[in-house]
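Protein chains: 2
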Amino acid sequence: MIQLAEISPDAPADINKDEIKNVVREFGRDISDLQELLYANGKHGLLVVFQGMDTSGKDGTTEKVFRYCTPNGVHAFSFKKPTDLEFAHDFLWRVHKVTPPKGKIHVFNRSHYEDILIQRVHDWIDDVKREKRMKAINEFEELLSFDSNTIVLKFYLHISKEKQKEKLEERMQVERKFWKYNPGDWKEREHWDKYMEAYEYVFNNSKIPWNIVPANQRWYRNYVVAKKVRQTLLDLNMTYPPLATEE
Amino acid sequence: MIQLAEISPDAPADINKDEIKNVVREFGRDISDLQELLYANGKHGLLVVFQGMDTSGKDGTTEKVFRYCTPNGVHAFSFKKPTDLEFAHDFLWRVHKVTPPKGKIHVFNRSHYEDILIQRVHDWIDDVKREKRMKAINEFEELLSFDSNTIVLKFYLHISKEKQKEKLEERMQVERKFWKYNPGDWKEREHWDKYMEAYEYVFNNSKIPWNIVPANQRWYRNYVVAKKVRQTLLDLNMTYPPLATEE
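For the protein sequence lines, the chains are L and S, in the order given.
Quick note, in the working numbering, the first sequence goes up one by one and the last residue is 248.
Quick note, in the working numbering, the second sequence goes up one by one and the last residue is 248.
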């Protein structure tokens, strides 16, 4: 049973920030090499899902962890408010279209989980619908796993309510960050406790487990994610394929 | 009139390789910053098209020029032999689906131009069909330009026939490159002269001009492309937008 209040959003005290930043850079280069190997082999896809409250760093983590990868190998997708066409379909329709083919890494900034998070928090769906959708998500992720060897890696970027306030204020004060600021984020923040409950439902009912990432410090958050992505790829024990002899 | 035989595929003799490699790295970081600005403004898209013979470095250039960009901002697409569904549509159907939205950079590794290159070289289409398609391409690229402010930047990576031989042999000798080797590339190479003619037709009939990039040396090729991409983004004279005051 995951209870977010019991998990610290802060980096452990005994860790050296500068060292960790170098490690993240090394891990990033490893991930780039491993992605090439993933492509050369063409046997697995990797789906990385980022969820978290506003300002938790979903975009920032994507940038730092995959920045050494070629754009040929890593595609990132942001799921915002569904379009009319998307709303006219089941909630998995828009995500299924962009799951990774073998050899590639796809990154979801928000995902199909929003349909049981924001939608439940605002009572747009009830518990019965949430349960049905949760079951559909479990089946969907299992389908990806068994039928196209897609590895599904899910990260919750865990920040404190105080840290969010700090970051929202930063967006209002630093000119280069103005464009990230959305006045509506303050309104959404009022539902903080309901969001925590909704997330706990997700973590405790997902078949493929979640990684809860302490995200109050950007550098530690990047480290935890990069470490997990790198290890997941290493565990595939891939080698470069032999020379093709015929067309 | 562009005639490829008159353009050197080699880097100028008086240029320092190590200096240039550092410049490419700096340009790469600039391009990353400029892409963020492109996204913050949301007024223009950028479509970068790479064409060139096998081994000319389409993938490698994508990696080196855009490697500091976040995967959220740059998507790359490789167009290979069309699928049955793609063949059942007009030749622009599959590319139109993945043109860049405002704020993003999309990179095409091969493109709609293949439909008047490989298809003409092998006589799958005749001159009349080629002319019609060329006209359709010009109209299509103009549509992207005027109706969604998409900048279309096209690069031909110009290598010599001798250099291609060297690179194909490298793929057969270096274990980490085995996966790139396709025995069919030797057969395609036999049509070299017809390809040069087909490319010249493209260059001399495109409304949006092509950039012919000397590509025998990877480092110089990356420099020419990075310089052009960076300058194109700088010319937009973008600034960070002001703070939003209402939702």
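Read the hints as simulated data drawn from the structure, not as lab findings.
A hint or two may mislead.
Which copy is meant is left open, because identical chains are indistinguishable; a pair holds if it fits in one copy or across any two.
Calculated cross-link-like contacts (lysine-lysine; reagent style DSS-like; alpha-carbon spacing at most 25 Å) [claimed, not checked]: (1) Lys208 <-> Lys133; (2) Lys103 <-> Lys178; (3) Lys103 <-> Lys82; (4) Lys44 <-> Lys81; (5) Lys195 <-> Lys18; (6) Lys105 <-> Lys162; (7) Lys130 <-> Lys44; (8) Lys98 <-> Lys22; (9) Lys82 <-> Lys98; (10) Lys136 <-> Lys22; (11) Lys22 <-> Lys164; (12) Lys181 <-> Lys208; (13) Lys103 <-> Lys164; (14) Lys105 <-> Lys81; (15) Lys103 <-> Lys181; (16) Lys81 <-> Lys98; (17) Lys188 <-> Lys229.
None of the values given here were measured: they were computed from a predicted structure.
Status of each hint after checking the structure:
Taking the closest pair of Cα atoms, Lys208 and Lys133 come within 25 Å of each other only inside a single copy of the chain (14 Å); across copies the shortest separation is 54 Å, beyond that limit. For the identical chains of this complex, Lys103 and Lys178 are inter-copy neighbours only, at 19 Å across copies versus 36 Å inside a copy, given an alpha-carbon limit of 25 Å. In this assembly of identical chains, Lys103 and Lys82 lie within 25 Å of each other by CA distance solely across copies; the values are 17 Å between and 28 Å within a copy. Taking the closest pair of Cα atoms, Lys44 and Lys81 come within 25 Å of each other only across two copies (19 Å); inside a single copy the shortest separation is 30 Å, beyond that limit.
Taking the shortest alpha-carbon separations for Lys195 and Lys18, neither the intra-copy value of 33 Å nor the inter-copy value of 58 Å comes in at or below 25 Å. In this assembly of identical chains, the alpha carbons of Lys105 and Lys162 never lie at most 25 Å apart, being 35 Å within a copy and 31 Å across copies at closest. Proximity of Lys130 and Lys44 under a CA criterion of 25 Å is satisfied in neither setting, with 35 Å inside one chain copy and 39 Å between copies. Within a single copy, Lys98 and Lys22 get their C-alpha atoms no closer than 35 Å, and across copies no closer than 39 Å, so neither meets the 25 Å cut-off.
Within a single copy, Lys82 and Lys98 get their C-alpha atoms as close as 17 Å, and across copies as close as 20 Å, so both meet the 25 Å cut-off. In this homomeric assembly, Lys136 and Lys22 never come within 25 Å of each other (Cα to Cα): the closest approach is 39 Å inside a single copy and 52 Å across copies. For a Cα distance limit of 25 Å, the shortest separation of Lys22 from Lys164 inside one copy, 21 Å, qualifies, whereas the shortest one across copies, 40 Å, does not. Proximity of Lys181 and Lys208 under a CA criterion of 25 Å is satisfied in neither setting, with 33 Å inside one chain copy and 37 Å between copies.
Taking CA atoms no more than 25 Å apart as the test, Lys103 paired with Lys164 passes in neither setting, with 38 Å inside one copy and 31 Å between copies. In this assembly of identical chains, Lys105 and Lys81 lie within 25 Å of each other by CA distance both inside one copy and across copies; the values are 23 Å within and 16 Å between. For the identical chains of this complex, Lys103 and Lys181 are inter-copy neighbours only, at 16 Å across copies versus 33 Å inside a copy, given an alpha-carbon limit of 25 Å. Taking the shortest alpha-carbon separations for Lys81 and Lys98, both the intra-copy value of 15 Å and the inter-copy value of 19 Å come in at or below 25 Å.
Neither within a single protomer nor between protomers do Lys188 and Lys229 lie at most 25 Å apart by alpha-carbon distance, with minima of 33 Å and 43 Å respectively.
Going through the hint list in order, the structure does not satisfy hints 5, 6, 7, 8, 10, 12, 13, 17.
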